[in-house]
Amino acid sequence: MDITGLTKSIEDAASAGPDTLGEPERQKLLATCMKLSEQLKKPHELVLEISTGSLKPAILRLAIEMRLFEIAARAPEKTLTLSDLAKESKVDELLLLRVLRLLVGMSFFTEQANQTYTLTHTGSYLVPGTPFYSWIVIDDTNQQAIAKLTSYFQEREFANPSNTKDTPFNYAFNTSETFFSWLSTRPQMGAAFNHVMQFGKMLRGPDWFEFFPVEDKLAAHSAQATIIDIGGGTGGDLLNFKKHHPSYPGRLVLQDLPEVLADAKTEELTAAGVELQPHSFLHPEPEAFHGAMAYVIKNCLHDWPEAEARTILKHIADAMSEESTLLVCETSLSEQGVPFMNAVFDWVMMIQFAGLERTEKQWKALFESVGLVIRQIWPSPVAKFTVVFELKKM
Numbered sequence: 035m036d037i038t039g040l041t042k043s044i045e046d047a048a049s050a051g052p053d054t055l056g057e058p059e060r061q062k063l064l065a066t067c068m069k070l071s072e073q074l075k076k077p078h079e080l081v082l083e084i085s086t087g088s089l090k091p092a093i094l095r096l097a098i099e100m101r102l103f104e105i106a107a108r109a110p111e112k113t114l115t116l117s118d119l120a121k122e123s124k125v126d127e128l129l130l131l132r133v134l135r136l137l138v139g140m141s142f143f144t145e146q147a148n149q150t151y152t153l154t155h156t157g158s159y160l161v162p163g164t165p166f167y168s169w170i171v172i173d174d175t176n177q178q179a180i181a182k183l184t185s186y187f188q189e190r191e192f193a194n195p196s197n198t199k200d201t202p203f204n205y206a207f208n209t210s211e212t213f214f215s216w217l218s219t220r221p222q223m224g225a226a227f228n229h230v231m232q233f234g235k236m237l238r239g240p241d242w243f244e245f246f247p248v249e250d251k252l253a254a255h256s257a258q259a260t261i262i263d264i265g266g267g268t269g270g271d272l273l274n275f276k277k278h279h280p281s282y283p284g285r286l287v288l289q290d291l292p293e294v295l296a297d298a299k300t301e302e303l304t305a306a307g308v309e310l311q312p313h314s315f316l317h318p319e320p321e322a323f324h325g326a327m328a329y330v331i332k333n334c335l336h337d338w339p340e341a342e343a344r345t346i347l348k349h350i351a352d353a354m355s356e357e358s359t360l361l362v363c364e365t366s367l368s369e370q371g372v373p374f375m376n377a378v379f380d381w382v383m384m385i386q387f388a389g390l391e392r393t394e395k396q397w398k399a400l401f402e403s404v405g406l407v408i409r410q411i412w413p414s415p416v417a418k419f420t421v422v423f424e425l426k427k428m
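Start counting the sequence shown at 35; every next residue gets the next number (the working numbering).
Think of the hints as simulated: they come from the structure by calculation, not from any bench. From the three backbone atoms N, C-alpha and C, an ideal C-beta is built for every residue, glycine too. Hints may contain errors.
Computed beta-carbon distance windows for the label pairs [unchecked claim]:
| # | residue 1 | residue 2 | range |
| --- | --- | --- | --- |
| 1 | Gln410 | Asn376 | 14 to 24 Å |
| 2 | Val378 | Glu357 | 32 to 42 Å |
| 3 | Pro318 | Glu357 | 14 to 24 Å |
In the DSS-like style, the derived pairs of lysine-lysine whose C-alpha atoms are separated by at most 25 Å in a straight line are [claimed, not checked]:
| # | residue 1 | residue 2 |
| --- | --- | --- |
| 4 | Lys76 | Lys112 |
| 5 | Lys90 | Lys69 |
| 6 | Lys75 | Lys90 |
| 7 | Lys395 | Lys427 |
| 8 | Lys251 | Lys348 |
| 9 | Lys112 | Lys75 |
| 10 | Lys251 | Lys277 |
| 11 | Lys348 | Lys427 |
| 12 | Lys90 | Lys124 |
Hey, can you work out the whole structure from these sequences and the hints?
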């Protein structure tokens, strides 16, 4: 094996960056490099890396609190000496040095000279106002729960969580509130969570209306037709829907909790013809919205265990007419060979909500339990496992 040539090829691919490759090629190369990395590590290196892994998100959260990313982003050439960075951040210089060593190792900063640091392109993603910044802020709750996972499961004799008020999150924060209820009383964290939903779109690829045949399935109906986005957050999906289908003749309705809609861009939504309807999908669908042409629920059901997921779907099914369509946009895992990151997100659902990422078999059983059947499954052309379930009443 020509190690020198192989190394050079990998270095060239790394230097070119992710945007120079098609998504399937990038994913394949990334998976191969990860496999190579794991296979080349000696056991003690692997164990050490895993055992210290929780330090990485903690350091990123600490760096955000120290304002290191935003300070460096404002500096000329995004470069500062340790001394200048310490003065502006008001952080002890020795502590700051120790933090920066790890940030350099994680590629968020580079060390240009002795105690001179430059914010990298990756580091610039963590300035305030980005979804990545919000992700680190909200992920702090996960990290505290992860630290107590062993105790949580030991005390529950290793039972799978199924109660939204008895999750690893509840255990870590000593609260009986659901995660969403807890967020509602913490506006800063709630806003960060809503912002993070934009990060999720980057992982899931195109919006449902970019690959679901809207013109054939929905737009042929009369001007009285209604699409209801249930649990639609702050309305970004419906705004994008209107941009992709500006001539859509029917009503567009955004439903979510009042505290979520409070963060919505009301003027922009109103200008796009989107109606805002405060509503919890844990309660029956208002009669005024029964018999709509289409109901859409996207990336909500994985937040809930079976009992609540059935309740949500039952409320929608009860509101549907025989002609109505329900579009469920979710991850649908394969029965085997689930990629590591998909398995990680399954655990995130468990930790926060007692929810889960389901397989097609599990989705089918859930739908049929409330009188819904799959008419067709529309897979994303880019994001593996992201699908749209097109459902009708039995």
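message: Tell me the numbers of any earlier hints that the structure contravenes, in ascending order.
response: Going through the list in order, the structure violates hints 4 and 9 and respects the others.
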